[in-house]
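Turn these sequences into a full structure, and let the hints steer you where they fit.
Protein chains: 4
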Amino acid sequence: MSRLADAAASLAEAGQRMDGRGWVPGSAGNLSARIDEETIAITRSGVHKGRLKPSDIIEVGLDGTARAQGQKPSAETLLHCQLYRLFPPVGAVLHGHSVAATVLSMAGEISFSQYEILKAFGFATHEVDVDLPVFENDQDIARLATVLEPVLATDTPIGYVIRGHGVYAWGTSVEHAFWRLEALEFLLQCELERGRRK
Amino acid sequence: MSRLADAAASLAEAGQRMDGRGWVPGSAGNLSARIDEETIAITRSGVHKGRLKPSDIIEVGLDGTARAQGQKPSAETLLHCQLYRLFPPVGAVLHGHSVAATVLSMAGEISFSQYEILKAFGFATHEVDVDLPVFENDQDIARLATVLEPVLATDTPIGYVIRGHGVYAWGTSVEHAFWRLEALEFLLQCELERGRRK
Amino acid sequence: MSRLADAAASLAEAGQRMDGRGWVPGSAGNLSARIDEETIAITRSGVHKGRLKPSDIIEVGLDGTARAQGQKPSAETLLHCQLYRLFPPVGAVLHGHSVAATVLSMAGEISFSQYEILKAFGFATHEVDVDLPVFENDQDIARLATVLEPVLATDTPIGYVIRGHGVYAWGTSVEHAFWRLEALEFLLQCELERGRRK
Amino acid sequence: MSRLADAAASLAEAGQRMDGRGWVPGSAGNLSARIDEETIAITRSGVHKGRLKPSDIIEVGLDGTARAQGQKPSAETLLHCQLYRLFPPVGAVLHGHSVAATVLSMAGEISFSQYEILKAFGFATHEVDVDLPVFENDQDIARLATVLEPVLATDTPIGYVIRGHGVYAWGTSVEHAFWRLEALEFLLQCELERGRRK
Chain B
1 MSRLADAAAS
11 LAEAGQRMDG
21 RGWVPGSAGN
31 LSARIDEETI
41 AITRSGVHKG
51 RLKPSDIIEV
61 GLDGTARAQG
71 QKPSAETLLH
81 CQLYRLFPPV
91 GAVLHGHSVA
101 ATVLSMAGEI
111 SFSQYEILKA
121 FGFATHEVDV
131 DLPVFENDQD
141 IARLATVLEP
151 VLATDTPIGY
161 VIRGHGVYAW
171 GTSVEHAFWR
181 LEALEFLLQC
191 ELERGRRK
Chain F
1 MSRLADAAAS
11 LAEAGQRMDG
21 RGWVPGSAGN
31 LSARIDEETI
41 AITRSGVHKG
51 RLKPSDIIEV
61 GLDGTARAQG
71 QKPSAETLLH
81 CQLYRLFPPV
91 GAVLHGHSVA
101 ATVLSMAGEI
111 SFSQYEILKA
121 FGFATHEVDV
131 DLPVFENDQD
141 IARLATVLEP
151 VLATDTPIGY
161 VIRGHGVYAW
171 GTSVEHAFWR
181 LEALEFLLQC
191 ELERGRRK
Chain E
1 MSRLADAAAS
11 LAEAGQRMDG
21 RGWVPGSAGN
31 LSARIDEETI
41 AITRSGVHKG
51 RLKPSDIIEV
61 GLDGTARAQG
71 QKPSAETLLH
81 CQLYRLFPPV
91 GAVLHGHSVA
101 ATVLSMAGEI
111 SFSQYEILKA
121 FGFATHEVDV
131 DLPVFENDQD
141 IARLATVLEP
151 VLATDTPIGY
161 VIRGHGVYAW
171 GTSVEHAFWR
181 LEALEFLLQC
191 ELERGRRK
Chain U
1 MSRLADAAAS
11 LAEAGQRMDG
21 RGWVPGSAGN
31 LSARIDEETI
41 AITRSGVHKG
51 RLKPSDIIEV
61 GLDGTARAQG
71 QKPSAETLLH
81 CQLYRLFPPV
91 GAVLHGHSVA
101 ATVLSMAGEI
111 SFSQYEILKA
121 FGFATHEVDV
131 DLPVFENDQD
141 IARLATVLEP
151 VLATDTPIGY
161 VIRGHGVYAW
171 GTSVEHAFWR
181 LEALEFLLQC
191 ELERGRRK
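Chains as they are written, first to last, in the numbering used here: chain B, 1 to 198; chain F, 1 to 198; chain E, 1 to 198; chain U, 1 to 198.
Worth flagging that the hints you see were computed from the coordinates, not collected in a lab.
Certain hints may be false.
As the list claims (entries may be wrong) - Residues of chain B placed beyond 12 Å of chain U at every Cβ, according to the derived structure:
id, residue
1, GLY20
2, SER45
3, ALA120
4, ALA124
5, ALA142
6, ARG143
7, LEU188
What the hints assert, rightly or not - Reference listing, derived: stretches of chain E covered by chain U, where coverage requires no fewer than 3 residues with Cβ under 8 Å from a Cβ of chain U:
id, segment
8, 5 to 17
9, 35 to 43
Said to hold, decoys possible - To give an idea of the interface, some chain U residues facing chain E are shown, with a C-beta separation under 10 Å as derived from the structure:
id, residue
10, ARG17
11, ARG21
12, LYS53
13, SER111
14, TYR115
15, GLU149
16, GLU175
17, TRP179
18, LEU181
19, GLU182
20, ALA183
21, GLN189
22, CYS190
Just so it is clear, CB atoms sit at the ideal spot from N, CA and C, and this is done for glycine as well.
Laid out in structure tokens, this is it:
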């Protein structure tokens, strides 16, 4: 119970920070944190992620079903569960909709090179070429997860984007996931600006 | 009286959020909420919408006349009344002036396609083509309302824009109207960015 | 003394709002309010306008000299004094440096047409063509004031810009001047966006 | 001890202001202040600069080694030490990663001309041409410092940029360094906007 309350507090704060940057317009976005090996805490659907209350965070098993009867998690919960299942060190997953991610994902492929901030993802140097995978949007989330699975399992990306939809980022804790999301959004913003100059 | 006080508090908060995003420069914008079937609460003209006080919200009948003598509602009140009259589920209407709405409406027609966030407006999928109607600005608001009426009544849009002026968004409550406004402005911002790339 | 304290409080708040929008980088900008027919309160030079303390606001005569010995007002004080001298209804003058004003003033002339928000400056309709005068920057402020004088006196503009420098806006009170500044910056931001699309 | 506590408070506040502007995404950036002729206070590596706690600031000698055993300063500490060693008046150094600095440094050389705000760096007039040196990024910070040394020592620049990485700014105090950083970022933002128009 205490772990749920802690997770809810951390997720509410992360939601406020995402809202302050304009990444969760309307009721967009999903935020989650791992409770234990088989359970995560995740935001309910249909709430504004910039003003989360403790009751807006529910417990869900790694198969995507709510622990409590009558609670309906977001359809996208399955994408969160997939990351926790594939990667035991993952402690939190943040999904938001930014203008940069939306626009760039609608324009083509996304890759980053020569950015110092790539070191935030564990690279030892800026002299790397890093792809950010872009997947076609699909309202059938189970099917989308099937498409994602081999890409995630084979060569773990730094995050991913669903076209016209938004970014998924993760980390060992909510704070760490937020840092990686912030770094990703920074990279996307840079690429958006560079695209305007070409 | 209590419903007016509640509406005033919700509208003041929505005004602060709109101001924080730069959508109500100077004394621009109008915010309203339904009190009952025949009455709405709406912002007085000539006040900054980011710092509304309870006395800045007045009661107006659906014909646009103030309930209290001596109070002069904004001329644009009629556009709010029209939405409440046409659509009984509408509980709040928010009108702001954003840079994106202003610039795009001066450049031509506006439509959205393949955006996940379109689901905020009740679409079951991102695979839709949605127009955001743009109307010519007119200082004669009664005449403008007459032009709007058939468009609104025939095929309810997700909101509308007056050229060089701003967006009208609505919802079942102030919170819901704000979510829809935020989603609309997100879409407009994306289109503005994409326009730069073409 | 009370009027100075009131002016200082209003100017400090306006400075915070300008800082929040990025219009007073470093120690840029000057803010003033009229105390009486012959005296104004104005920010000292060399302070950050987003964090003004009461001691950062000093009293100056309309000739630009400080009331208290040893206080040195900003050189640009003369431009404030000029507006108070020419226009008795002016109660406050706000000068900031925005990216939009700086970039557009370096690119050429500036004018606005068909914007609803032009009504903030007293126009009855959006169907007007309004110039925002751009003056060459000059470190000799007395000389710059001489160049400004006939333009201001003949046909009062809605504000003005010094090239590569920033905007001057004014109003009957600090709040009113801020509204007009906000409207001006909104117009400039719109024109900046439209310039990118051409 | 008191000087360290003072430095930590000032640096934490500067970090919050930098975070508010989006200049320290993830754990990016380093902030430092001079304690005495031989010691500086600098942020630990691996912390978010927008939410610094006193324990996140450590004391380091001008050779870059931590005063306390077991503390590991950031590799970039050497670049801070270099500035304190070369310039006795320097009291603080701020390094952040902004979108504008990153994008412009990846596009070529950077120079500023005819900007009023250049006076923030001690120029008597806007009629100057000022280069902002751009250095190639290098994960070997000692080697990078060797490349920087002659440029810094010969003709002190207003700051510098490491390509794809970010800005270094400094001043006589944390507040002064922040003003100069803000002025630099303003100039970079203006140049970014102007680049879009060409």
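Hint-by-hint comparison with the structure:
{"no.": "1", "hint": "GLY20", "verdict": "9 Å, violated"}
{"no.": "2", "hint": "SER45", "verdict": "28 Å, holds"}
{"no.": "3", "hint": "ALA120", "verdict": "5 Å, violated"}
{"no.": "4", "hint": "ALA124", "verdict": "7 Å, violated"}
{"no.": "5", "hint": "ALA142", "verdict": "32 Å, holds"}
{"no.": "6", "hint": "ARG143", "verdict": "33 Å, holds"}
{"no.": "7", "hint": "LEU188", "verdict": "10 Å, violated"}
{"no.": "8", "hint": "5 to 17", "verdict": "violated (count 0)"}
{"no.": "9", "hint": "35 to 43", "verdict": "violated (count 0)"}
{"no.": "10", "hint": "ARG17", "verdict": "9 Å, holds"}
{"no.": "11", "hint": "ARG21", "verdict": "8 Å, holds"}
{"no.": "12", "hint": "LYS53", "verdict": "22 Å, violated"}
{"no.": "13", "hint": "SER111", "verdict": "14 Å, violated"}
{"no.": "14", "hint": "TYR115", "verdict": "5 Å, holds"}
{"no.": "15", "hint": "GLU149", "verdict": "27 Å, violated"}
{"no.": "16", "hint": "GLU175", "verdict": "7 Å, holds"}
{"no.": "17", "hint": "TRP179", "verdict": "4 Å, holds"}
{"no.": "18", "hint": "LEU181", "verdict": "9 Å, holds"}
{"no.": "19", "hint": "GLU182", "verdict": "4 Å, holds"}
{"no.": "20", "hint": "ALA183", "verdict": "4 Å, holds"}
{"no.": "21", "hint": "GLN189", "verdict": "5 Å, holds"}
{"no.": "22", "hint": "CYS190", "verdict": "5 Å, holds"}
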